[in-house]
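Sequences and hints are given; from them, build the entire structure.
Chains as they are written, first to last, in numbering that gives the first Met the number 0: chain A, 0 to 271; chain B, 0 to 310; chain C, 0 to 278.
Careful: at least some of the hints might be erroneous.
Stated by the list, open to error - Listed next, the in silico DSSO-like pairs over lysine-lysine satisfying Cα-Cα at most 30 Å (straight line):
no. : chain 1 : residue 1 : chain 2 : residue 2
1   : B       : Lys144    : C       : Lys110
2   : A       : Lys106    : B       : Lys144
3   : C       : Lys110    : A       : Lys106
4   : A       : Lys106    : B       : Lys185
5   : C       : Lys110    : A       : Lys103
6   : B       : Lys144    : A       : Lys103
7   : B       : Lys144    : B       : Lys185
For the record, the hints were derived by calculation from the structure and aren't laboratory data.
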Amino acid sequence: MTRTTIPASRSTGVVVGPVRATWLSVESHWLWYRRNWRSSAFSTFLGPVLFLLAMGFGFGSQVRPGAATGGLSYVEHLVPALLVTTAIQNANFDSTYAVFSAFKWSKTYWGAVATPLTPGQVFAGQLTWNALRLGASLAVFLAVAGLLGALTGPAVLWAWVFALLAGTAFSAVVVAWTATRRTDSAFNGLFRFVVMPMTLFTGAFFPMSDLPSWTWPLAWITPAWHGIELSRGAAFGTLGPVALLGHVAYLSALVVVGAVLGRRYFTRRLAV
Amino acid sequence: MTTVDLPLVRASGLTKHFGDFEAVRGIDVEVRRGEAFGFLGPNGAGKSSTMRMVACTSPRTGGDLRVLGMDPDVDGPRIRSRIGVVPQEDNLDTELTARQNLEVYGRYFGLSRAHVRSKAVELLDFAQLADRADHEVEPLSGGMKRRLTIARSLVNDPDLLLLDEPTTGLDPQARHLLWDRLFRLKQSGVTLIITTHYMDEAEQLCDRLVVMDGGRIAAEGSPQDLIARHSTREVLELRFAPGDQDAVVPVVTPLADRVEVLPDRLLLYTADGDGVLDAVHARGVRPLSSLVRRSSLEDVFLRLTGRTLVD
Amino acid sequence: MTHTRERAVSRRGSGLVLRIVPPGLYSGRGGVIVERALVVNRRAWLAIVSGFFEPVLFLLSLGVGFGQLVSEVAGPGGQPLSYATFVAPALLAASAMNGAVYDATFNIFFKFKYARLYDAMLATPMGPLDIAIGEISWALLRGGLYSAAFLLVMLGMGLILSPWALLALPAALLVAFAFAAVGMAATTFMRSWQDFDLVQLAVLPMFLFSTTFFPLSVYPAGVRVVVQVTPLYQAVELLRGLTTGHVTWAALGNVAYFAVMAATGVVVAGRRLAGLLLK
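Right, here's the structure in full:
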């Protein structure tokens, strides 16, 4: 038997495939961004550059090149790692408040799932959008670092790839987690107890060997540490094949776990 | 092949539970093409839960449901591509313009850019928002936002339009404007399903309706049917000074078919309101004020549930 | 008549402020706002306590990590200091600024615009200036607790070199008050949350460049003047002088700077609030 639908339809709506549906969701983020980019331009683009100037050049001027900086100037040594911590800090807002708002304040997700889009596609669109924004902001950061003469060579471009991977891994997990939040009260805690320590204590600004060894395992589970190892290793040619595979596998696993959970939590929240 | 007369929505024994709470406790409903169908009931009656199941944004707990002949559990996206939804709370993107809201939404239905562009112009006109087309949504009035939400729900030329409390919270002028727009839609052949707790709205818009209470259907029919079946032709309302009412009840009860005692007044149900009022006066009862009016759905609801609709 | 007398009574003791503020703006009840904040935050105490960890984490990372990279930095008056000793008072100043600005901008804007809290308050005898003073007091109370805790951590880490540091707490409060007042005045000009990236635009560069992490001597002479006029530089100078014991008459200049800043902020905020709220 064929499906019993009501034949005479005047509706123009159709169901699009999952990839196109995800892109339509990305498209709507882009439209929103084109109108509202000013609200985040400073924190996304200029902020990281100021950080580079202050910590890389300002603070770096007080640091003599040595073993801790791989024999490089402090700022050259810092750039690949700063790219990773920037990725994570930028991903933080887009994965918490922006997502929470679409559930609770602006409720735009609820509007989207009343259309042929599914909650899973809305999630995929959000994550893809976050990754695209990260890619753009990191490219700008890298270009500025290049203009300031803080890059060691073309290999630093790999840092862009790995920073993007680390940022996306973090974003996938956090977006999924945000979908389970009923209030925004935990986001401050996430920033203070996860993002800040992840920025400061995973080897970006000073070697982890300066920290007590019991803190190391905590760093090893963070996407920041894996991202920094990858991005410095690739930029300075010190990355072995095993380490490369291991770090990439860990970050990819985080992306997958975040994607699976995100899909599930978005569906649980939006289809009740 | 199936027949064209298949109802657009058919529910039987439909239930919805949230944990231990039973929001919808087994309802049977059929909505036919071209009609305006209403769910009437107080807050918490299960209207919105039912609507969300029909809109395929909320999976049913039990029973059977067919929308446009399809099963929401299987064909959710296909069904959603052909319906329009106006949720209880506006979820417009307030940081976009009115026009952009329509265009973005249209794209979700797989419509081409050119199509959504021209459709947006048409809908902005329909919603009387053409002069606000390129304004941000945030500062628009409640009535304007509501009209924009309705315009948005029409972007895919839906076969079926679901409106969850479309005029709650709007001022009288805004409500009348909205009713006019909905009436036009109905005239053009769009099937409407409306939830409301306003009697006048149900009477104005609905060809047929069900009265819901506590997750169940208490009665079904056209507004006139329901009034004829569950109420009398007229109602006499009597108000008394605080404290005087209780003593009067036994005196007036024999005069009417039925008496409802509300906190602030007595309702006397009868075919002849003026006649009963004369009889009330003849017995020496002196109310502060009195009013004879026709029965409304409010009286039906009161009869069926023992409560007024809006507490 | 009775009404007027009651008002007069409720206003007694608010002395000087009343003489410069038009009636209706102020009823001397700013304390109610602090009471409300205490009630509201009784449930959110974790968020409050956690606010203290942010500067401490910074301090730890700077003490153990950055300190390994940089052994000595030239402190006030040129004497060499360990990096942690150099940077700790600057972090104290920066966290006083950050906390105060956050409270006076994001927090107040949210209540103002979305929670409509102040509309309800103004339906009572309270005036806009009560709100301004109340909110700033609450911000200070929090900020004061953080600063005291931070100073204790510094003491524990051996980063306090002089008894002058006792004055660091009131100095940090003065700094916070001035930032809160100006922040609040700025908030009254904000149209939507999108403008708040501008707050970041003001705060982050100060945090990074006002000799917080490296000495003024890093900059070329022309740039130094620009850095020196920023409020955070003034705050860092004041607090660094106190905790390291290098106190000069210039400290009075720093104090005067913040007194002017605070007064300007309060007056502008009060005027603007009156215009916005008492329409």
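Consistency of the hints with the structure:
A C-alpha spacing of about 23 Å is found between Lys144 (chain B) and Lys110 (chain C), which places the hinted pair at or below 30 Å, so the restraint holds. Between the alpha carbons of Lys106 (chain A) and Lys144 (chain B) the distance comes to roughly 14 Å, so the proposed pair stays at or under 30 Å and holds. The hinted pair formed by Lys110 (chain C) and Lys106 (chain A) meets the criterion: a straight-line CA distance of about 20 Å does not exceed 30 Å. Note on Lys106 (chain A) and Lys185 (chain B): the hinted pairing holds, with a Cα-Cα distance of about 28 Å set against a maximum of 30 Å.
As the CA atoms of Lys110 (chain C) and Lys103 (chain A) are separated by approximately 17 Å, the hinted pair is consistent with the 30 Å bound. Note on Lys144 (chain B) and Lys103 (chain A): the hinted pairing holds, with a Cα-Cα distance of about 18 Å set against a maximum of 30 Å. Of the pairs offered as hints, the one joining Lys144 (chain B) and Lys185 (chain B) holds, with about 21 Å between alpha carbons and a cut-off of 30 Å not exceeded.
The earlier numbered hints are all upheld by this structure, with none contradicted.
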